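Enquirer: Numbering (this note's numbering), first residue to last: 0 to 159.
Just so you know, these hints were derived from the structure itself, not from any lab. Quick caveat, the model's predicted, so the values are computed rather than measured. Any given hint might turn out to be false.
Here are the simulated BS3-like pairs of lysine-lysine, each with C-alpha atoms no more than 30 Å apart in a straight line [unchecked claim]: (1) K88 to K103; (2) K88 to K25; (3) K73 to K88; (4) K73 to K25; (5) K42 to K103; (6) K73 to K42; (7) K25 to K42; (8) K103 to K73.
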Amino acid sequence: MIASGYNGFPQTLSDSPSLYEDRDYKLAVTVHAEANAILNAAKNGARTESSTAYVTFPPCSQCAAAFIQAGVEKVVCPNPVNAPERWRKSFMLGNDMLYRSGIKILYYSDDDLWISSNAKSVEQNGSTPNSTGVQENQAKTWTSQHSSAIDYLPRRLKDA
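Using the sequences plus the hints, can you model the full thing?
Expert: Spelled out as structure tokens, the structure:
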């Protein structure tokens, strides 16, 4: 893995709950996970040229632009057609930008997802703790405490 990213405020800004509750402020200052990953790679001297980005949402137009500028070669993401309505226009524009730039786009669906048994936060029985601490046995559980992106690759895209 070259780098990872998350949606959040820039590192020196306060992330107090009251600021996250102010939707206009939150949307104006949040760094998207895609851009955050590219910035983290740059900060740590890792090259993104010819890399593959694995994302949990289709890239918006701004994140697609960042992928293009960073030299990303392939993006693995859900199909923007299935995205929430309020973001769909930006996701579709991002998809078009990636396509026009020659970046390969591979789509996955929820049915394609799996978690390998070597993911740090996954117990041997496939259960992960939820926010209440109660164990849930779900075949498809996402977690932010993964050991590497390869642990979450869609089955049919593993060798893409």
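Enquirer: Taken at face value, is the distance from the CA of K25 to the CA of K88 at most 30 Å?
Expert: 20 Å, holds
Enquirer: Can you confirm whether the C-alpha distance between K42 and K103 stays at or below 30 Å?
Expert: Between K42 and K103 the Cα gap is close to 26 Å, so the pair holds against 30 Å.
Enquirer: Is it true that the CA of K25 sits at most 30 Å from the CA of K42?
Expert: With Cα atoms ~24 Å apart, K25 and K42 stay inside 30 Å; holds.
Enquirer: Could you grab the alpha-carbon distance between K88 and K103 and see if it respects the 30 Å cut-off?
Expert: 20 Å, holds
Enquirer: Can the restraint linking K73 and K88 be considered satisfied, given a maximum Cα separation of 30 Å?
Expert: This hinted pair holds, its Cα atoms lying about 21 Å apart.
Enquirer: Does K73 pair with K25 here, judged by a C-alpha cut-off of 30 Å?
Expert: Distance ~29 Å between K73 and K25 Cα, so the pair holds.
Enquirer: Hint check: K103 vs K73, CA-CA at most 30 Å. Holds or violated?
Expert: 5 Å, holds
Enquirer: Does the structure keep K73 and K42 at a Cα separation of 30 Å or less?
Expert: Since the Cα atoms of K73 and K42 sit roughly 21 Å apart, the hinted pair holds (cutoff 30 Å).
Checked against the numbered hints above, the structure violates none of them.
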